[in-house]
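Chemist: Given the structure of chain Z, go ahead and fit chains R and S onto it with the hints provided.
Chains Z, R and S, in that order, give the protein sequences.
Take 1 as the starting number for the first sequence in our numbering and just add one per residue.
Take 1 as the starting number for the second sequence in our numbering and just add one per residue.
Take 1 as the starting number for the third sequence in our numbering and just add one per residue.
Any given hint might turn out to be false.
What the hints assert, rightly or not - Restricting the straight-line Cα-Cα distance to at most 20 Å, the calculated cross-link-like pairs of lysine to aspartate or glutamate (EDC-like) are:
1. R:Lys72 - Z:Asp180
2. R:Lys54 - Z:Glu215
3. Z:Lys218 - R:Asp45
4. Z:Lys108 - Z:Asp180
5. Z:Lys100 - Z:Asp149
6. R:Lys54 - Z:Asp222
7. Z:Lys218 - R:Asp58
8. R:Lys54 - Z:Asp214
Stated by the list, open to error - Each pair of labels, with its calculated beta carbon distance range:
9. Z:Asp110 - R:Glu59: 35 to 43 Å
10. R:Met11 - Z:Asp281: 23 to 31 Å
11. Z:Asp110 - R:Glu63: 40 to 48 Å
12. Z:Lys127 - R:Gly28: 54 to 62 Å
13. R:Thr79 - Z:Lys100: 54 to 62 Å
14. R:Met11 - Z:Lys246: 28 to 36 Å
15. Z:Lys238 - R:Glu59: 29 to 37 Å
16. Z:Glu19 - R:Ser38: 38 to 46 Å
17. Z:Asp281 - R:Thr109: 45 to 53 Å
FYI, nobody ran anything at the bench for these hints, they're computed from the structure.
Using N, Cα and C, we set each Cβ at its ideal position, and we do this for glycine too.
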Amino acid sequence: MSNNAIKATGLNKKYGDFEIKNLSLSLPSGCIMGLIGENGAGKSTLIRLLMNACDRDSGTVSLLDDENVGYSEDDVRQDIGIVIDPACLPQNYNPVTLGKIMSGFYKKWDNDEYNKYLDLFEIDRKKKIFNLSTGTKMKLMIATALSHDAKLLILDEPTNGLDPMVREQFLDILGDFTLDAGHSVLISSHIISDLEKICDYVAYMHKGELKFCDEKDKLLDDYRVVKCSEAQLDDLPKSSCIGAKKGQFGCEVLLKSDDVPLGFTKERTTLEEIILFMARDGKERE
Amino acid sequence: MNILLSNTSDMPIYEQICSQIKGLIASGGLKAGDALPSIRVLAKDLHISVITTKRAYDELEKEGYIYTVSSKGCYVADTNSELIRESRLREIEAHIEKIASLAGSISLTKNELIEMIKLVYEEGDDNE
Amino acid sequence: MNGCLNKSLTEMKSVGKVFIAFVLILGIIGVFAQNDMIFSFYITFIAISSASQVLEGNGTSWQTYEYMLPTSCEQSVSAVYIVSVIYNGIFFLGTLITHIAGGLICKAADGALDLPKPEDVTIMDGEFIKLLLFFSFFSLFMSGLSCAYFYRYRHISNRKVYIGAGIILLVSVAVSGIIIGSEIVTLSWGIVIHTIIISLIVFPLSEKFSEFFYDKYRG
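This is chain Z alone, in the form it adopts within the complex (with noise of 0.2 Å):
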């Protein structure tokens, strides 16, 4: 597993007074990575920064080992699936239509995976597209980006309005992609609950910083959460918490596992406590 699907150093981007700085991710073939972040913390600049599809300061970007990204049209892009949101599919055909054109793109394109995706995803073939739902909408975007063999997926929300049983569903159909060690997928999502589900890392941005990239079953394991009052908040190490919730009747600190002192009981938390937890106390230091 010493292939990258994606390797991007030191990438700088400004935009007016946005601005993606020094940016190093790396993530090993075979793997899932989450991207986490609020609104605009650049996590889909930078989904278009590694797809090429606006130009960087600085900093190199190679996928799946290519650096020569998105400047032909057998590149390697070839072997990336793309979705992104708003989907954005040009707005007066039918899905059928839709196959055709993208069939003319990938090289690799398969009519009858496609088809497949469009049955399993109960898409209507005869309606145009922009008399489908928003939902919908995505689900054929991502029935295109699954039908072109793919090696890497790159997804930008992709279960934005995505019902909670075809989000399942999806997550599914993501983790059978997976199955293949060749296959890698890069996802962003607000809903950190199914990033905890599917991904083997986890990335967190904040204003165009990335802030830690790391295994996402480590960062379980590492960090617990300590339920005690607030008098008994200055018994615990000030220097591994992360952050502290501060309530009426008690505190929620999150602390390294191994630094919680003896007689506090330590709960495991989610992956989204402990987003929270450190997007909190980003914003307290600001």
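Modeler: Okay, now just chains R and S, sitting in the frame of chain Z:
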């Protein structure tokens, strides 16, 4: 085979997997030569990362419980299940010693302690 | 066929009908009204439609997506250009048809209605066809320039592309106005003013442009 991860346990996830697979081997649920689920299938099913699963399997392989046939998968090694049982028993003994010393520190009698253990088992029965 | 061209042509199939209808209606009104201003609008429309082809692709969020699909700049630019050539063809033929049709209708009516006499159906004393030819070539030239611009700046923000294309359009229209000569100076000014107005309205809305007409057409 069942592998049940606990959310309340303080044990890291990969250790939980290790210990459960060891348990399955000890109890005879997994026999020598049985194929283990592939890393990716297990990771997908348990909603944990591939890396963690791989680490657990590596650990098990290092300890000699399983072996890997490249490009085929992992298989249970021909270890003596008695051996695992004994190591478990030793673990239990160590825990009991700790309990006894803790009980001694608040002068809890032997009978009270046995009562407590019984209670734990009864609760477990009720839950089932 | 490359994906971009395929997409543009398919898009044109659905929107093109509306454009043709628009050209024919405007043309016939122009013939009967014998009004130079209507024709100046008509010609501007031709010029702008080519540029808006470039911008239409640029303004929609489809563009963001297309940049991530395996295409080359050449493919997306050639798609834009080929479609703009086809549009020019449509306009040219549309104009000829309305012109001839106008003449025939006037002849058939032959003074019964209050229409211009058949021999009067020569807009601007026959200068019109010459002008139209000129503008067709000119608009192709312009969309070529826009394409070059598009090619160079396709990774940069939309606003810059709009401004760039707008400037190219305005300058070239103004220059052509001067070239055409002083006797139709009114026409040149008409073109310039129309261009400014239309570029102000159309460019920022270019993503809605085709859909707007399309929806109108659908009723």
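Chemist: Each hint needs a verdict: does it hold in this structure or not?
Modeler: For each hint, the structure was consulted:
1. Taking the CA atoms of Lys72 of chain R and Asp180 of chain Z, the gap is about 13 Å. The hint holds against a cut of 20 Å.
2. A threshold of 20 Å between alpha carbons decides the hint, and for Lys54 of chain R with Glu215 of chain Z the separation of about 13 Å falls inside it, so the pair holds.
3. Taken as a hint, the Lys218 of chain Z and Asp45 of chain R pair is honoured in the structure, with Cα atoms around 18 Å apart against an allowance of 20 Å.
4. Between the alpha carbons of Lys108 of chain Z and Asp180 of chain Z the distance comes to roughly 18 Å, so the proposed pair stays at or under 20 Å and holds.
5. The suggested pairing of Lys100 of chain Z with Asp149 of chain Z holds, with an alpha-carbon distance near 16 Å, which does not exceed 20 Å.
6. As the CA atoms of Lys54 of chain R and Asp222 of chain Z are separated by approximately 18 Å, the hinted pair is consistent with the 20 Å bound.
7. Pair hint Lys218 of chain Z plus Asp58 of chain R holds up; C-alpha atoms about 16 Å apart against a cutoff of 20 Å.
8. For the suggested pair Lys54 of chain R and Asp214 of chain Z, the alpha carbons sit about 16 Å apart, so the restraint of at most 20 Å is met.
9. Range check, Asp110 of chain Z to Glu59 of chain R: Cβ separation about 40 Å, and the 35 to 43 Å hint holds.
10. One distance hint, 23 to 31 Å for the beta-carbon pair Met11 of chain R and Asp281 of chain Z, holds here, with the actual separation near 27 Å.
11. Between Asp110 of chain Z and Glu63 of chain R the beta carbons are some 44 Å apart, a value that agrees with the proposed interval 40 to 48 Å.
12. Between Lys127 of chain Z and Gly28 of chain R the beta carbon distance is about 57 Å. The supplied range of 54 to 62 Å therefore holds.
13. Taken as a hint, the range 54 to 62 Å holds for the pair Thr79 of chain R and Lys100 of chain Z, whose Cβ atoms sit roughly 59 Å apart.
14. The hinted range of 28 to 36 Å is satisfied by Met11 of chain R and Lys246 of chain Z, whose Cβ atoms lie roughly 30 Å apart.
15. Roughly 34 Å separates the CB atoms of Lys238 of chain Z and Glu59 of chain R, a value that falls within the hinted 29 to 37 Å.
16. Here the CB-CB span from Glu19 of chain Z to Ser38 of chain R is close to 43 Å, well matched to the stated 38 to 46 Å.
17. Between Asp281 of chain Z and Thr109 of chain R the beta carbons are some 48 Å apart, a value that agrees with the proposed interval 45 to 53 Å.
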